[in-house]
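Q: Please take these sequences and the hints and turn them into a complete structure.
Chains A and B, in that order, are what the protein sequence lines are.
Each residue of the first sequence is one higher than the one before, starting from 1 at the first, in this note's numbering.
Each residue of the second sequence is one higher than the one before, starting from 1 at the first, in this note's numbering.
Incorrect hints may have been included.
As the list claims (entries may be wrong) - Dumping the calculated DSSO-like pairs for lysine-lysine here, alpha-carbon to alpha-carbon at most 27 Å:
{"#": "1", "chain 1": "B", "residue 1": "Lys150", "chain 2": "B", "residue 2": "Lys200"}
{"#": "2", "chain 1": "B", "residue 1": "Lys318", "chain 2": "A", "residue 2": "Lys250"}
{"#": "3", "chain 1": "B", "residue 1": "Lys247", "chain 2": "A", "residue 2": "Lys265"}
{"#": "4", "chain 1": "A", "residue 1": "Lys250", "chain 2": "A", "residue 2": "Lys269"}
{"#": "5", "chain 1": "B", "residue 1": "Lys269", "chain 2": "A", "residue 2": "Lys263"}
{"#": "6", "chain 1": "A", "residue 1": "Lys322", "chain 2": "A", "residue 2": "Lys93"}
{"#": "7", "chain 1": "B", "residue 1": "Lys265", "chain 2": "A", "residue 2": "Lys265"}
{"#": "8", "chain 1": "A", "residue 1": "Lys269", "chain 2": "B", "residue 2": "Lys247"}
{"#": "9", "chain 1": "A", "residue 1": "Lys150", "chain 2": "B", "residue 2": "Lys150"}
{"#": "10", "chain 1": "B", "residue 1": "Lys89", "chain 2": "B", "residue 2": "Lys40"}
{"#": "11", "chain 1": "B", "residue 1": "Lys318", "chain 2": "B", "residue 2": "Lys172"}
{"#": "12", "chain 1": "B", "residue 1": "Lys263", "chain 2": "A", "residue 2": "Lys150"}
{"#": "13", "chain 1": "A", "residue 1": "Lys172", "chain 2": "A", "residue 2": "Lys318"}
{"#": "14", "chain 1": "B", "residue 1": "Lys274", "chain 2": "A", "residue 2": "Lys265"}
{"#": "15", "chain 1": "A", "residue 1": "Lys274", "chain 2": "B", "residue 2": "Lys263"}
Hint data in this document are derived by calculation from the structure and do not stem from the laboratory.
Protein chains: 2
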Amino acid sequence: MRIAIDVMGGDNAPDAVISGALESIELLDEDDELILVGPKGRIEPQLPSLKSREGAISVVDAPEVIDMDEAPIESVRRKRRSSIAVMAKMAKKDQVDAVISAGNTGACVAAFQMRMRNLPGVNRPGIAVVFPTFEGPVTICDVGANIACKPINLYQYAVMASMHSKHLLGIKNPRVGLMSIGQEDAKGNEIVKEARELMKSDSNMNFVGNIEGRDIFEGVCDVAVCDGFVGNVILKLTEGLVDGLFKAIKHELMAEKLRLAMKFKPVMKRIYGKYDYNEYGGAPLLGVNGTALICHGASHSRTFKNAILTSKRYYTRKINDKIIEYLSGTPIYSMSQDRNAQRPV
Amino acid sequence: MRIAIDVMGGDNAPDAVISGALESIELLDEDDELILVGPKGRIEPQLPSLKSREGAISVVDAPEVIDMDEAPIESVRRKRRSSIAVMAKMAKKDQVDAVISAGNTGACVAAFQMRMRNLPGVNRPGIAVVFPTFEGPVTICDVGANIACKPINLYQYAVMASMHSKHLLGIKNPRVGLMSIGQEDAKGNEIVKEARELMKSDSNMNFVGNIEGRDIFEGVCDVAVCDGFVGNVILKLTEGLVDGLFKAIKHELMAEKLRLAMKFKPVMKRIYGKYDYNEYGGAPLLGVNGTALICHGASHSRTFKNAILTSKRYYTRKINDKIIEYLSGTPIYSMSQDRNAQRPV
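A: Written out as structure tokens, the structure is:
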């Protein structure tokens with residue numbers, strides 16, 4: 001398998017990406033290949049000679065960089081030699097089997113969707129993040145690819161995230177919840193209500209109905225579906241709150257007694273570990289015709305190593321085939337066969 | 001001041017409401033009056049004889065109850081003798097100065113808006129909840145009154161929540177953030193982008209720009225503005241996550257050492273107290289022509305006591321007058337003078 005990774009993506013690039021890639025080498029198979037995409041002059045001096053695994057790592061030059069705050073579509077069009085644009089093009093030409101980036105999320109979504117196109121039956125891709133809750137992992141889709149969702153998009157996120165939950169995380173019959181503001185049928189805006197009807201009408205889906213914000217952490221569902229605006233708020237709020245609470249606990253403990261704080265440290269670390277997004281490495285962009293992972297901007301080397309391993313799992317377990325198979329077997333499938341089905345944003 | 005409270009509202013009604021009301025009596029002024037609204041036969045046997053404050057508490061009969069899962073508008077129209085409908089009518093007739101309920105939120109919003117009407121210049125009321133973060137209290141509006149917001153609604157929530165933050169919480173020049181999915185101008189959906197322009201154009205507003213989910217807990221703003229769908233998800237997610245994290249900490253500590261868990265208990269309690277919504281008692285429905293507080297369904301007696309005190313503060317500090325004054329002084333004010341300005345939902 002050929003895995004391309006954006007060396008210039010994220011706050012800790014390029015060092016963290018390169019070390020993560022090097023760490024992953026030992027965990028990949030003999031015939032796996034890593035392609036580091038970025039400015040050749042910056043990458044090559046950092047690569048040790050890997051005699052034991054010759055040919056396992058190669059470099060593809062991409063001298064331009066898309067900054068985190070650049071406008072997605074414009075930047076991808078203008079910077080054709082950026083790592084993101086180059087990777088997307090390689091995926092299109094079938095020169096790589098997976099692409100991974102911690103760069104500008106909007107630019108990644110735009111470039112991957114534009115070049116790789118959508119899976120048959122999928123109108124809009126969605127980013128699926130795994131929340132490692134205390135009741136088990138919950139896959140949330142979408143967390144930022146599509147902030148103007150139609151009901152059919154939400155339905156397809158439910159399907160795709162279910163396939164992800166089942167075949168990547170190993171959850172047998174994933175329970176799907178639709179994010180709303182109350183459990184009753186009548187709650188939610190018009191888009192949520194229509195999506196609810198689509199999901200209810202699909203007898204293959206283990207749909208548990210509307211869920212509320214707190215349900216994510218209470219073992220009510222394995223998949224939570226929402227539009228990219230709400231999902232993005234959920235993702236960042238959770239990060240901020242967990243960070244804030246742990247800082248507060250540390251602060252209060254230090255004020256109390258240093259010894260108590262020291263004793264609590266391993267407990268804190270263990271709990272923190274359970275909420276650690278680095279464990280899953282990257283979030284797949286579900287619905288593009290290929291394997292594309294988007295990583296957190298603050299990713300460090302372990303995150304990149306895990307993202308590389310996740311991309312391999314995603315690819316070898318054929319999650320995309322499962323999605324196509326599912327969608328082609330549902331009556332709702334025909335609804336998505338509109339003119340826009342194969343067009344990028 | 002005459003304060004009406006819905007005795008049948010919330011999971012712990014009527015007992016918690018009645019004890020909360022009795023507890024508040026000692027903290028109110030001589031000429032304050034509490035009106036308990038609910039089934040007379042259930043309330044009166046629970047009232048002790050209050051010789052020291054005769055006339056401080058009275059009962060108004062409302063034999064019907066609106067359940068938590070009933071459709072808001074329909075239930076208010078059908079159950080005219082319910083506590084929520086009766087309170088709303090009393091407010092309309094100027095028989096009370098404030099109304100408080102922990103009942104069906106949708107029914108409260110519908111009834112209060114329908115009867116009390118909106119403040120001049122306000123198109124749609126919004127529920128403002130105070131998040132007691134470690135960096136200070138953040139007022140979030142709206143958390144569920146209006147799930148189909150227009151840009152002008154978001155702008156007005158910013159104004160109203162600022163007045164709340166300034167005059168009720170005592171924050172001098174509240175910094176206002178607009179909830180979005182990135183800090184850059186270009187981020188967010190069309191409604192958010194338009195609201196952003198309205199807020200930027202108001203030189204009286206201390207607008208700090210877009211905020212993301214994590215910023216709520218990082219001392220970036222004193223007021224966070226969002227639509228009722230997003231706000232409701234934020235509110236419930238935060239509750240669920242805080243509960244879940246504390247449960248997890250307890251669990252891990254118990255597994256470790258009982259003694260350590262016992263030592264950590266006071267620290268946990270102190271931190272939990274800082275995130276305690278019961279402290280603020282109730283969330284004002286900003287924008288209705290009167291003082292209306294909506295309490296959490298899980299409120300207990302202390303919450304109701306605090307809600308009664310908050311309603312008094314809201315009323316005596318004339319928050320509504322400040323809102324009217326602010327809105328009448330901005331050029332945007334004229335935009336809100338459309339046909340719908342005074343009409344209920």
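Q: All hints are to be evaluated individually against the structure, with a verdict given for each.
A: Here is how each hint holds up against the structure:
{"no.": "1", "hint": "B:Lys150 with B:Lys200", "verdict": "holds (16 Å)"}
{"no.": "2", "hint": "B:Lys318 with A:Lys250", "verdict": "violated (40 Å)"}
{"no.": "3", "hint": "B:Lys247 with A:Lys265", "verdict": "holds (17 Å)"}
{"no.": "4", "hint": "A:Lys250 with A:Lys269", "verdict": "holds (11 Å)"}
{"no.": "5", "hint": "B:Lys269 with A:Lys263", "verdict": "holds (18 Å)"}
{"no.": "6", "hint": "A:Lys322 with A:Lys93", "verdict": "holds (23 Å)"}
{"no.": "7", "hint": "B:Lys265 with A:Lys265", "verdict": "holds (15 Å)"}
{"no.": "8", "hint": "A:Lys269 with B:Lys247", "verdict": "holds (15 Å)"}
{"no.": "9", "hint": "A:Lys150 with B:Lys150", "verdict": "holds (18 Å)"}
{"no.": "10", "hint": "B:Lys89 with B:Lys40", "verdict": "holds (18 Å)"}
{"no.": "11", "hint": "B:Lys318 with B:Lys172", "verdict": "holds (16 Å)"}
{"no.": "12", "hint": "B:Lys263 with A:Lys150", "verdict": "violated (51 Å)"}
{"no.": "13", "hint": "A:Lys172 with A:Lys318", "verdict": "holds (16 Å)"}
{"no.": "14", "hint": "B:Lys274 with A:Lys265", "verdict": "holds (22 Å)"}
{"no.": "15", "hint": "A:Lys274 with B:Lys263", "verdict": "holds (23 Å)"}
Violated hints, in rising order: 2, 12; the structure is consistent with all others.
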